[in-house]
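Peer 1: So the chains spell out like this:
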Amino acid sequence: MNRFLGFVKKEFQHIFRDVRTLVILFGLPIVMIVLFGYVVTTEIRDVEVGIWDRSMDQASIRATQKIFSSGYFVPAGYLEREEEIGELFRSGRAKVVVVFEAGFQKHLQTEKGAAIKLITDASDANSAQLAQTYLQGVLMNYFQSLNQNINVPWSVNLHSRMFYNEEMKGAYMFVPGLMALILMLICALMTSVTITREKEFGTMELLLASPLKPREIILGKVTPYVLLSFVNAMTIVVLGNLVFHVPVVGSIWLLMLECMLYITLALSLGVLISTSAKTQQVAMVMSLLGLMLPTILLSGFIFPIDNMPKVLQWFSAIMPARWFIVIVKNIMLKGTGFAFIWKETLILLGMTLFFILAAVKRFKIRLQ
Amino acid sequence: MSLILDHIDKSFETVQALRQVNLEVQEGELFGLIGPDGAGKSTLFRIMASLLIPDSGRCTMLGHDVVKEYREVRQIIGYMPGRFSLYMDLSVEENLAFYARVFGTTVKENYDLIRDVYDQIAPFRKRLAGKLSGGMKQKLALSCALIHRPRVLILDEPTTGVDAVSRREFWDMLKKIQGEGITIVVSTPYMDEAEMCDRVGLIQKGNLMAISDPASLADGSDARLFSLRSNKGVYAYLDQLRKMEGCRHVWLFGDELHVTLRSAADVNQVQSAIREWADDSLEWKSIVPTIEDRFMELLKEEEI
Chain A
813 MNRFLGFVKK EFQHIFRDVR TLVILFGLPI VMIVLFGYVV TTEIRDVEVG IWDRSMDQAS
873 IRATQKIFSS GYFVPAGYLE REEEIGELFR SGRAKVVVVF EAGFQKHLQT EKGAAIKLIT
933 DASDANSAQL AQTYLQGVLM NYFQSLNQNI NVPWSVNLHS RMFYNEEMKG AYMFVPGLMA
993 LILMLICALM TSVTITREKE FGTMELLLAS PLKPREIILG KVTPYVLLSF VNAMTIVVLG
1053 NLVFHVPVVG SIWLLMLECM LYITLALSLG VLISTSAKTQ QVAMVMSLLG LMLPTILLSG
1113 FIFPIDNMPK VLQWFSAIMP ARWFIVIVKN IMLKGTGFAF IWKETLILLG MTLFFILAAV
1173 KRFKIRLQ
Chain B
4 MSLILDHIDK SFETVQALRQ VNLEVQEGEL FGLIGPDGAG KSTLFRIMAS LLIPDSGRCT
64 MLGHDVVKEY REVRQIIGYM PGRFSLYMDL SVEENLAFYA RVFGTTVKEN YDLIRDVYDQ
124 IAPFRKRLAG KLSGGMKQKL ALSCALIHRP RVLILDEPTT GVDAVSRREF WDMLKKIQGE
184 GITIVVSTPY MDEAEMCDRV GLIQKGNLMA ISDPASLADG SDARLFSLRS NKGVYAYLDQ
244 LRKMEGCRHV WLFGDELHVT LRSAADVNQV QSAIREWADD SLEWKSIVPT IEDRFMELLK
304 EEEI
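Chains as they are written, first to last, in this note's numbering: chain A, 813 to 1180; chain B, 4 to 307.
It cannot be assumed that every hint is accurate.
Subject to a maximum C-alpha distance of 25 Å in a straight line, what follows is the list of computed SDA-like cross-link-like pairs (lysine to any residue) [what the hints assert, rightly or not]:
| id | chain 1 | residue 1 | chain 2 | residue 2 |
| --- | --- | --- | --- | --- |
| 1 | A | 1155 | A | 1176 |
| 2 | A | 981 | A | 1023 |
| 3 | B | 71 | A | 1026 |
| 4 | A | 1176 | B | 178 |
| 5 | B | 134 | A | 1013 |
| 6 | B | 71 | A | 1170 |
| 7 | B | 129 | A | 1026 |
| 8 | B | 178 | B | 113 |
| 9 | A | 981 | A | 1064 |
| 10 | A | 1090 | B | 273 |
| 11 | A | 1173 | B | 210 |
| 12 | B | 129 | A | 815 |
| 13 | A | 1090 | B | 284 |
| 14 | B | 288 | B | 195 |
| 15 | A | 821 | B | 133 |
| 16 | A | 821 | A | 1039 |
| 17 | A | 1176 | B | 18 |
| 18 | B | 303 | B | 182 |
| 19 | A | 821 | B | 113 |
| 20 | A | 929 | A | 864 |
| 21 | A | 1173 | B | 15 |
| 22 | B | 111 | A | 1023 |
| 23 | B | 111 | A | 817 |
| 24 | B | 134 | A | 828 |
| 25 | A | 1176 | A | 1064 |
| 26 | A | 821 | B | 178 |
| 27 | A | 821 | B | 94 |
| 28 | B | 303 | B | 281 |
These are computed hints drawn from the structure, not numbers from a lab. Just so we're clear, the structure is a prediction, and the values are computed from it rather than from any experiment.
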């Protein structure tokens, strides 16, 4: 025990003396959260809209007012000629242009109806699509309210609600995903690098020639990272709550337990990587390419799994992050208990055992 | 017997690192292994330290097989690898405390054993190991290898890259450690250090060639040895001497040539040839061979 504590102490000394490690450990999570929260956002906010009103009557002016009072759009200017649309887009001053046809109000009262044209700058296809959908929604709402008093037979009023994320907040999506990503990155990357560092600097040779058992070496190297990663996971939850108002509806204890399980899994993956990587650089590339990319792309963090080709869906099933994200979303957003996530937990547990066994089996007690 | 190597063979992918190495080291002995880079010294030491498995042959450390009983072996040896292998980002005392704990002991418990070594670096005990000079690093590494009071100390080129004064200090310390009854096996590329050992072995291309005490190694040569020196440099004469019938081996030794002859009678032939070269500063004389000469000679025989 004394031996083990000595090892853990030494490991903490390494961590707190290396600025690079500290930055990755504590800077990365915060940078990532801010990045995803404010920069890589999928939410619509302050989209510049140009208006080309060819009728300038009461109806078109009211519709314009509705658009800008929705909170999603800001005016980028009023156009008078068709050529100005291109200019506006090229100069980047507007993402969308709304065109009201001439005689808008008059046509509104006819059977054929009035026409509005939405022109979007699709060089950024995702936000163009989103802006278009939102604009349509705003306009539909407005014109429906105009018709409220008129009794149209057989009409259907569709009310939709987005459960667990009523306001379509991006933070609800990315906080669980980020937790999965950051924990995987820190645990696997840091452990694989720190173990290969001992190999690269030759200190592993001395550790091996000592009476330390393999499990003492591995546990000693990993324990500090378990503690620090756990601190990290909790930081993300707290930051998500304070800055982006992502709630923890379910049990915080259950969430912590699941985090510990996932951290253990990621650490054993890191140890496994270190058994085959000879240098820190190789370990880093293996962790980044082999773990981070698939975690981002295949875990359902950014791209929905249901839309993937079948083959990639199978691949996503072996991504630990996929199951962890499901668990975290369930606990944080839906507030479900263990009864609804035991299957995912079991999968993670199985993966963890597999990686630990493989890592211990592959860990060499000699140099060759 | 402290250490027994019995017909050890070891190959890596393309090279045979050790060929049929046999060696016995007595308890309490200071044994030196001498050979150039790539001779197989480190491989041999790693086998002794239970870090490599020999392809064939057996190695026992105080009766414990280094392959099967590697756990026991790791308890009783102190190993200092050829490359500085302590933690550069830990201070002197932190490194020492760490290794003490790894071996389940404390610095206090065995302080008397390392006092001589550690006292010299104690003024710098708060300094990071990475910031020590070469000689200090080696003293710290030796302290760490000794801290658990091993019964056999395995030192792989502990004085390489260390200045001459520190080297001498280091060997003085080894002598003291030997006085504590600890067996020491040490390798070195420096010939002059061999004379500090009780016995030495010469190793070249994986062959352990001769084992004897340093003095007998020096005069073990039966061929007579001569040196040739010149103010104008002797390199030009190297090939000419090598072509000569009576010369057995010729090699560069510092700024002179050393020559062994096939028989004592050949000396006349060489001397007359030298006179023909008409170089007044040429100086030809008979000398007493050193270990290095003996070693070079053995190497030459190996090549033929």
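Peer 1: Run the distance test for residue 1176 of chain A versus residue 18 of chain B: straight-line Cα separation, threshold 25 Å.
Peer 2: 23 Å, holds
Peer 1: Does the alpha-carbon distance linking residue 1173 of chain A and residue 15 of chain B stay inside the 25 Å limit?
Peer 2: 23 Å, holds
Peer 1: Between residue 1176 of chain A and residue 1064 of chain A, is the straight-line Cα distance small enough, at 25 Å or below?
Peer 2: This hinted pair is violated, its Cα atoms lying about 39 Å apart.
Peer 1: Is the hinted pair residue 1176 of chain A and residue 178 of chain B satisfied, with a Cα-Cα distance of at most 25 Å?
Peer 2: With Cα atoms ~35 Å apart, residue 1176 of chain A and residue 178 of chain B exceed 25 Å; violated.
Peer 1: Could you grab the alpha-carbon distance between residue 178 of chain B and residue 113 of chain B and see if it respects the 25 Å cut-off?
Peer 2: It holds: about 18 Å lies between the C-alpha atoms, which stays within 25 Å.
Peer 1: Next pair to validate is residue 1173 of chain A with residue 210 of chain B; report whether the Cα-Cα distance is within 25 Å.
Peer 2: 35 Å, violated
Peer 1: Is residue 821 of chain A within 25 Å of residue 133 of chain B, Cα to Cα?
Peer 2: 19 Å, holds
Peer 1: Checking one constraint from the list: CA of residue 303 of chain B to CA of residue 281 of chain B, max 25 Å. Satisfied?
Peer 2: Judged against 25 Å, a Cα distance of about 29 Å means the pair is violated.
Peer 1: For a C-alpha distance cap of 25 Å, please report whether residue 111 of chain B and residue 1023 of chain A respect it.
Peer 2: 20 Å, holds
Peer 1: Would you check the hint for residue 134 of chain B and residue 828 of chain A, treating anything up to 25 Å between C-alpha atoms as holding?
Peer 2: Cα-Cα ~18 Å, so holds.
Peer 1: Does residue 113 of chain B sit within 25 Å of residue 821 of chain A, going by the straight-line distance between their CA atoms?
Peer 2: 21 Å, holds
Peer 1: Check whether the Cα positions of residue 821 of chain A and residue 94 of chain B lie no farther apart than 25 Å.
Peer 2: With a Cα-Cα distance of about 13 Å, the restraint between residue 821 of chain A and residue 94 of chain B holds, given a limit of 25 Å.
Comparing the model with each numbered hint stated earlier shows that hints 1, 2, 4, 7, 10, 11, 13, 18, 25, 26, 28 do not hold.
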